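Position chain B relative to chain Y; hints supplied.
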Amino acid sequence: MLTIKNISASVDGKEILKGINLTIKTGEVHVIMGPNGSGKSTLSKVVAGHPDYEITDGEVIYDINFKKKNLLDMEPDIRAKEGIFMGFQYPVEIPGVSNEEFLRAAFNEICKYQGVEEMDPLDFQDFLKEKMDFLGMGEKFVNRELNVGFSGGEKKRNEILQMAVLSPKVSFLDETDSGLDVDALRVVGEGINRLKRRDNAIILITHYHRLLDYVKPDFVHVMYDGKIIKTGEESLAYEIEQNGYDSIIKESQNSN
Amino acid sequence: MKLIDRISDFPKYRKNESWKYSDISFLKEKEFQIVQEDHHHFINSDFKKKEFIGDAVVVFIDGVLSIKDSKFHENFTILPLNQAFLRYPERIESSFQIPESDSTFVDNLNRVFSESGVYIESKTSNRSLIQLIFYGENKKIDTPILSSPRVIFFGLENSNCSLLETHISYREDFLSTPVSDIILEKNSTLNYYRVKHEKNGTHLGVTKILQKENSIFNAFLFQGDSPFSRHELSVFLNERYAKTNISAIYASKGNNHVDNQVSVYHQSPNTESEQFFKGLLKDSSTAIFNGKVSVLRDAQQSFSKQLNQNLMLSNRATIYTKPQLEIDADDVKCSHGATSGQINKEELFYLQTRGVSKDVATKMVSKAFADEALNKIEQPLIKNYIEVILNSYFWEV
Numbered sequence: 001m002l003t004i005k006n007i008s009a010s011v012d013g014k015e016i017l018k019g020i021n022l023t024i025k026t027g028e029v030h031v032i033m034g035p036n037g038s039g040k041s042t043l044s045k046v047v048a049g050h051p052d053y054e055i056t057d058g059e060v061i062y063d064i065n066f067k068k069k070n071l072l073d074m075e076p077d078i079r080a081k082e083g084i085f086m087g088f089q090y091p092v093e094i095p096g097v098s099n100e101e102f103l104r105a106a107f108n109e110i111c112k113y114q115g116v117e118e119m120d121p122l123d124f125q126d127f128l129k130e131k132m133d134f135l136g137m138g139e140k141f142v143n144r145e146l147n148v149g150f151s152g153g154e155k156k157r158n159e160i161l162q163m164a165v166l167s168p169k170v171s172f173l174d175e176t177d178s179g180l181d182v183d184a185l186r187v188v189g190e191g192i193n194r195l196k197r198r199d200n201a202i203i204l205i206t207h208y209h210r211l212l213d214y215v216k217p218d219f220v221h222v223m224y225d226g227k228i229i230k231t232g233e234e235s236l237a238y239e240i241e242q243n244g245y246d247s248i249i250k251e252s253q254n255s256n
Numbered sequence: 001m002k003l004i005d006r007i008s009d010f011p012k013y014r015k016n017e018s019w020k021y022s023d024i025s026f027l028k029e030k031e032f033q034i035v036q037e038d039h040h041h042f043i044n045s046d047f048k049k050k051e052f053i054g055d056a057v058v059v060f061i062d063g064v065l066s067i068k069d070s071k072f073h074e075n076f077t078i079l080p081l082n083q084a085f086l087r088y089p090e091r092i093e094s095s096f097q098i099p100e101s102d103s104t105f106v107d108n109l110n111r112v113f114s115e116s117g118v119y120i121e122s123k124t125s126n127r128s129l130i131q132l133i134f135y136g137e138n139k140k141i142d143t144p145i146l147s148s149p150r151v152i153f154f155g156l157e158n159s160n161c162s163l164l165e166t167h168i169s170y171r172e173d174f175l176s177t178p179v180s181d182i183i184l185e186k187n188s189t190l191n192y193y194r195v196k197h198e199k200n201g202t203h204l205g206v207t208k209i210l211q212k213e214n215s216i217f218n219a220f221l222f223q224g225d226s227p228f229s230r231h232e233l234s235v236f237l238n239e240r241y242a243k244t245n246i247s248a249i250y251a252s253k254g255n256n257h258v259d260n261q262v263s264v265y266h267q268s269p270n271t272e273s274e275q276f277f278k279g280l281l282k283d284s285s286t287a288i289f290n291g292k293v294s295v296l297r298d299a300q301q302s303f304s305k306q307l308n309q310n311l312m313l314s315n316r317a318t319i320y321t322k323p324q325l326e327i328d329a330d331d332v333k334c335s336h337g338a339t340s341g342q343i344n345k346e347e348l349f350y351l352q353t354r355g356v357s358k359d360v361a362t363k364m365v366s367k368a369f370a371d372e373a374l375n376k377i378e379q380p381l382i383k384n385y386i387e388v389i390l391n392s393y394f395w396e397v
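Heads up: the sequence lines are chains Y and B, in that order.
Mind the numbering: the first sequence is residues 1 to 256 in the working numbering, read in order.
Mind the numbering: the second sequence is residues 1 to 397 in the working numbering, read in order.
Think of the hints as simulated: they come from the structure by calculation, not from any bench.
If you're wondering where the values come from, they're calculated on a predicted model, not measured in any experiment.
From the three backbone atoms N, C-alpha and C, an ideal C-beta is built for every residue, glycine too.
Certain hints may be false.
What the hints assert, rightly or not - Cross-link-like lysine-lysine pairs, in silico, DSS-like; alpha carbons within 25 Å at most:
| hint | chain 1 | residue 1 | chain 2 | residue 2 |
| --- | --- | --- | --- | --- |
| 1 | B | LYS363 | Y | LYS112 |
| 2 | Y | LYS112 | B | LYS358 |
| 3 | B | LYS358 | Y | LYS140 |
| 4 | Y | LYS169 | B | LYS367 |
| 5 | Y | LYS155 | B | LYS376 |
| 6 | B | LYS367 | Y | LYS112 |
What the hints assert, rightly or not - Beta-carbon label-pair distances, calculated as ranges:
| hint | chain 1 | residue 1 | chain 2 | residue 2 | range |
| --- | --- | --- | --- | --- | --- |
| 7 | B | ASP23 | Y | GLY19 | 55 to 63 Å |
| 8 | Y | ASN65 | B | ASN391 | 49 to 57 Å |
| 9 | B | ASN391 | Y | TYR208 | 32 to 40 Å |
| 10 | B | LYS20 | Y | ASP123 | 26 to 34 Å |
Isolated chain Y, as found in the complex (with noise of 0.2 Å):
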C-alpha cells in the first residue's frame, strides 16, 4: 500500500534521512523504534509532506485504488485527503478555532475530495460523540480550542479522536504513547486497536513495549542513524527494552 523507496532527506542542508526502504501493506502494523535523533519523526513529516524537508532522493509509492501515485508530489493537505495520516508527536495548540469546528471542516474537506457527500452538523455531532465515547472523552472536550490547554494526555486523545473522525488508510502515529499515564495509554492503546482494520495499516513509531500490550505489530524496525537497521518481530521490542540499541548498533556497524 505504501512504498518507501531509498528515501533521503535533509533540512536545512543536515541529512536526515539517509536511504529508507519499508514496504507496508494492508492490514499490515509496523512499529518503528530507534535512539532519540535518529530519524524517526522525519520520516513521517516527510510521508506527510512537512515544508522544510528537502527530498534529496527516493521515493514514496503510495498504492490507493488499484492505482500507484507519487506521494512527493502532493500538498500535505492532498495527502490527507487521499488517506494518509500523521499523529503529531506534540501537537499544535491553534487558539480561536474549536476543536468540532476544526473536525467537521476537515471531515468535510475529506469527503468534498472523495466525491462523499458532506455531513451536515447535527448528523456530525451524532457521528462525533460516537467516537469521543469510546475514547472516554467529555462532551465538553468539542467546544474547546484546538488542543489550546490540553494537557499531555488530553491532546493524545484528541490525534486518536482525528484519527478515528478521518478514517485515514495510512497512519503514522509519532510517540503517541509518550507522555501517559497508565490509563491515558489504555484508553490510547485499546483506541487505536479498534481503529486497526483489514483495509487499512499503522505505523507506530515509539520507545516503549507497553503500547505494544495493546496493539500487536507484525514488524519491528529499529531506525539508527537515518536508516533502518535492523527488522524483526514482536520480540525484537522486548529484546531492545532489556537491553537497549547498544548490541544492535554494533551488530549492524560490524557487517557494514
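Same frame as chain Y, but now just chain B:
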C-alpha cells in the same frame, strides 16, 4: 471646486507625525462638487431591509441629511443641526468645547464644507440602538462628490444606548470627511460601533468623545474595503471614573491604505482606558496604527492598556505601528505593545495534515485572529452584521 483653492494648509506628508505615512496631496488638485440639499432620492426598500437594523435610523445621502429616509424613535431626540442651533444653543455650544486633538485638518475641512448635520440626544436607559447611515449613491455625476456630514451626539445623564455608524457608498469617486462629536454626561453609557465599507473613494473620518464623571464609552471600529481610508478617534476622559474601551479590526487588501489614529487623554484621576486593535493585511496593502495615550499630571490612579496586533498575510504588505505613552502623573498603571507576524507555519502544517487546504487553513487561523476582537461586541445583531461585511470583503475573491 479644487480643495487647494479653499484649504491652504494641507498636512505635510512625512513631516507631520500623524500624517507621516498617509499622503493626501493627491486631493489638492482634484475637482469636487458639494451636494447642497436633500435631493429627493429615496433609499430603496431592499437596501432598507438589509441595512436598517437600528430602532432609530438617521440617513445621510451624499453628506446631506435625509429626513424622509430616516426612522424616528421616542428614545432619541433627532434634529437637523440648524434647528438644534436654535433650540439647544447651549448644548451645541458645549459640543465645541471638546478640545482639539493633534490633527485638526479633517475637523476643519468638515467645518468649512459641512452643509448638513444632525443633533441626537439619547434620553433612554433601555439600551436602544440608533443607527447613522452615510450613504453614497451610484449616480452619474461627473465630478467627484465631497461630503462632510456632522453629527453631535449627547448621551444625557444616566442614559444607556448604542450608536452604529455605517459608512457605505456605491460611488466611483468621492471624498468623505464625516465628523462625530460625542458628549457623554455623568453616569451615561454609549456603545459605539463604526463600520466603514465604502468600496471606492477617499475617507477621512473623525470621532471625538468628551466623557464626564463615571461615563462609559465602549467602541468597536471596523475599517476596510477602500483605496484610502483614515479614521481619527480622540477620547477625552475629562472627569473622574470615566472609562473607555476601544476594540477595532482593520483589514486591507489589494493596494488599499488604511490609517488608524487614536488618542486617549486621561485628564482626571481614576480614569481607565483600553485599546485593542487588530489588523489583517493582504496583498500589497498598507496599514497604519498610531495610538497615543496621554496621562496628565492630575490623572492619578489611572489605568491604561493598549495593544496592537497585526497579521501579515503577504510579504508585500506593510504595517506602520506606533503605540505611544505620555505619562505626567506618577501613580498610574499603563501598558502598551504592538506585534506583527505571519501565520505560524506549524499551525498551517498541522491543519493541512488533517485534509484542510492551505487556503482554508489560512482563513481558519486568520478568522480566529479576528474573532478575538469581534468577540468583544456584546450585541449579537451587530457582531453578525460586522462579521458578514468582513467575510464578504476580505475572504471572498
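Comparing the hints with the structure gives:
Restraint check for LYS363 of chain B and LYS112 of chain Y: satisfied, since their Cα atoms lie roughly 18 Å apart, inside the 25 Å limit. Taken as a hint, the LYS112 of chain Y and LYS358 of chain B pair is honoured in the structure, with Cα atoms around 16 Å apart against an allowance of 25 Å. With a C-alpha separation of about 28 Å, the suggested pairing of LYS358 of chain B with LYS140 of chain Y is violated against the 25 Å cut-off. Taken as a hint, the LYS169 of chain Y and LYS367 of chain B pair is broken in the structure, with Cα atoms around 31 Å apart against an allowance of 25 Å.
A C-alpha spacing of about 29 Å is found between LYS155 of chain Y and LYS376 of chain B, which places the hinted pair above 25 Å, so the restraint is violated. In summary, the hint linking LYS367 of chain B to LYS112 of chain Y is supported, as the alpha carbons are separated by about 22 Å, within the 25 Å threshold. A C-beta distance of roughly 59 Å is found between ASP23 of chain B and GLY19 of chain Y, which places it inside the suggested range of 55 to 63 Å. Between ASN65 of chain Y and ASN391 of chain B the CB atoms are about 37 Å apart, so this pair departs from the stated range of 49 to 57 Å.
At roughly 47 Å, the beta carbons of ASN391 of chain B and TYR208 of chain Y sit outside the given window of 32 to 40 Å. One distance hint, 26 to 34 Å for the beta-carbon pair LYS20 of chain B and ASP123 of chain Y, is violated here, with the actual separation near 55 Å.
Hint compliance for this structure: hints 3, 4, 5, 8, 9 and 10 are broken, all remaining hints hold.
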